[in-house]
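Asker: The primary structure of each chain is shown beneath.
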Amino acid sequence: MTSSTSPLKAIKRALIGGLVLVGLVGAYSISFSKSAKPDKGKAPQATSANYKAEDYVGAETCKTCHEETYNNFEKTGHFKLTRYGNWTADNKGCEACHGAGKAHVDAGGDKTKIHRFEGQSAKQISETCLRCHAGKEEHNNFRRGEHWRNDVSCINCHAPHSATATAQKMLVQKEPMLCFSCHNEIKAQFAMPFRHKVMEGTMKCSDCHNPHGGFELKQVRLTSSGDAPCLKCHAEKQGPFVFEHAPLREEGCAICHTPHGSNNAKLLKRNELRILCLECHSNAGTVGAPDTPSFHNQATARFQNCTTCHVKIHGSNVDRFYFR
Amino acid sequence: MKNKIGFTLLIVLGITLGALLVRAQSPAPSSDTVLGGYTLTQDAELGVRFLGRDGNDNKYRSDLNYGRGFRLFNYDFLARSKNGEGGLFDLFHVTALGWGGDPNEFLRVDVEKNRWYRFDANFRQFDYFNNLTTFALNQHLADTNRKFGDFNLALFPDNQRFKFYVGYTMDRSNGNTVTTYDYQRDEFPILSPIRAEANDWRVGFDAKVWVFDISFLQGYRILKDNTTYAVPSLNVGNNPTNTSVITFLQRDIPSRTHMPFTRFSAHTLIKKKLDFTGRFIYSTGTTTFDLTEVVKGVDASNNNILLDLFKGPGSARRPNGIGDFGASFFATDRLTISDTFRVNNFRITGGDSILESLFRSRTTAFGTTTLAPLFVPSLTFELVGYRLFSNYVEGDYKFSPRFSGHVGYRYTARRVELGAAIQPPLGTSIDPDIQFNHTNSVVVGFKARPASIWTVFFDFERGSADNVFTRLSNYNYNNFRVRTSVKPSKTFTLNASLVTRDNNNPALTLGGQNFGVDAKGRIFSASADFTPSSKFSLTTGYTYNRLTSDSSIIFFLGGVQTTGDSLYFLRDHYFFFNSHVQIHPRVGLSFGYRIEKDKGQGDQVASSPSQLISSYPLQFHSPEVRLTIKLHEHVDWNAGFQRFDYKEKFLNNQNYRANLPYTSLRLYF
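If you read the sequences in order, they're chains A and B. The numbers in our numbering rise by one with no breaks, and the one at position 307 of the first sequence is 307. The numbers in our numbering rise by one with no breaks, and the one at position 567 of the second sequence is 567.
Since the hints were derived computationally from the structure, they do not count as laboratory data. Positions of the beta carbon are idealized from the N, C-alpha and C atoms, including for glycine. Worth double-checking, as some hints may not be accurate.
As the list claims (entries may be wrong) - For each label pair, taking beta carbons as the anchor points, the in silico distance ranges come out as:
id, chain 1, residue 1, chain 2, residue 2, range
1, B, THR370, A, HIS234, 30 to 36 Å
2, B, PRO319, A, ASN91, 16 to 22 Å
3, A, HIS234, B, ASP550, 20 to 26 Å
4, B, PRO254, A, THR300, 43 to 49 Å
Claimed, not checked - Some chain A residues near chain B, calculated using beta-carbon distances under 7 Å:
id, residue
5, PHE215
6, SER294
7, ASN297
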């Protein structure tokens, strides 16, 4: 921790300069890069630029050979698009993802004449989905998200044509089990005595996290007003308060609470509240939060229970010590 | 006892009936119902839950709060138009669980008319109970009801050019709580019935404008808090050495927070090479309140408090702007460079003006004397200012289809401003304390697929956290995370992960002691899923969560400043398995077991009064079993049993055991 004002301006300049540089390098590279061409010998890509309107045969034609897949597809949200008469063929039905099917049909089902996803990287598969599903605020950061980076593609979580009829968002499995299939270490926290009611089915992981990426660490989902997701339900902690406990907004709720689950009451990080308080209010002067006064005798139960006096610990409007 | 007999009879009846039906006919697959152009799928599980428990009822209710009685365990209804040309809707989907007595109740409704609208609603209700001997001297109690609702309507949801959104979110809290109040240097438990609500309205759109995907949202949030505080009769307080008592207290502090907010975001992908996203959120929260507190009783000097009146208004304001910008440059098929930049700026300014009017008398052997009234005005201001810049730049390179790596660097600069003034002379400005810090961290990681069935994810992060005032989450850290998944077949998956977190505060020597924090966290987890067929499945797993935290602290023992250590231990083991066996085409058996055991500090005890050792060793295990018999194509009969057994090591007055048998019918329409 330092106490000077000059670095801030320099930092600001460096950050903005860095961004400008990235933009310039990117623009330069694009200008001199050749446009992408489909690789020879590979299955054709699903981009509409590669096809003419007469190359599309419609989903009903696919059904003649792929009836089981079609029957499953019929139950998904994707199927409704086939009813949209004024939508072009490259945006609906099987061919929206697999590309135009005429050559494949004419060749008697030749697999090399249709766009298939076997052997494609997770990012390539996701790009197919993003052709239609980019453009929503929810998905804007997918190409920078943790899942993108770690090659978790859309179809790892969503089933484009085999979801059960009742599946929300065409998920391959219900939350939270879907998330636990990779993030297995989190499951134990939801079995602790104090926990958010995720296993009970009344909350789900995506209430607080955006699986499609985001600007926040751990892909936490902000409220519409830009607040921490906790405040969507715990609105009474939102403030603003005249006397805000500084960490509340600066460090976030997770400075004192473990959000998934805890053995400690109130999902606190320590079982004894005073320990939690003293580890910040450490009386070390330059380290940590303001000191505790000398009459706070830690040998007595009275001063071991900080919130019996400092009741409004998240923030108070009428007492700077959070007494009421 | 009555419940036990009833349940036993139901079990026997069900098994007998089930056995007869199993013998009598073979199962027929259930089919969807077609009605007026819609395909309907519906199932509902209705039943009754029984409850037998012993031990600490308050702790049971604080943890679980399941009651006895009839309830809707689960409900699912789906109506889908056959040809996509339904009347008012093409899809109507309702899911519900827990209604009729469970402490956690949930309802979701999705309605959609192709092309025209999509409506989704979530409604949740929680019965929240809190009564713990381990928290705030068992004087912070709650028996409340919380309701949350989210309602969203999208018009033209499939339109790629323009979508319009309207939304509403509600939050209601009602019920009885007990809290405490520090008055006259004594603490008094006081009643505090909660009445708070939040309402949030939103309107916005997504639009495609030229090459940009634009999103705009305008919202308004209102919070109302009408919680009151009361002591209706004589209350002597916690402190036996303090003579003060409260005979009457009534505090009203109605507060209102109004928060308009605006969110704007734009995204584009240029030539499949450059992905840009920008987002800006601006909100201004303003809280206004008016305090009226009336106290009567006796003060710490044995004076009669005839009336201690606190009265005054106040307000607080918090404008907050958050700007985010992200760019990804897909330099080649193998290399991606991304940059994410954020600026977050808020400033909280607030103040109140409260007048205390104190009327007292003093009673002695010679009679009662009225003391001169006291009028104490207070004018208080506080300021919290915060500005953060952070930037994260990252490169991701795919060395081969089986191996890719990434490296990233994060830089954060924060400026925090804190200031307060109490009764400042007119014209005096607040002189805030301003602090800066800037932190750096580096992330290195890879994703590998050594074999087609085996995937490994690895991340290592080293740096400093951006905390200025607090140190519970510490400054310097090394985080290591490895996750692996082996999938030898479609029916068998093995997952394992190891997460380590080593945190250290920078060493600082105070009074000859290295005044730092050392916290080490380790989480190891492994799980296996085996589903060879629809007739059998097994899922099992184990997690070990270990945390050792050692913090130097300075505290006061009998007025003497003492330098000591705070040690916190978590040694948490968790094991579970769940299995389902279809023992007959009509009979299914599911069973599971979960155990969580935290060994805490083990045998360690504090070596001196200056050492504070804390942990919460406990054991919490829960077996469960469920028998399902298909009585008819449209009817399943279920009987199940859950047990929760909770034991603490240090305190045994919170232990409980709860047996929760239930029986239900699942109806398929």
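Asker: Find the hints from earlier in the document that the structure breaks and name them by number, from lowest to highest.
Answerer: Of the numbered hints given earlier, those the structure breaks are 1, 2, 3 and 4, listed in rising order.
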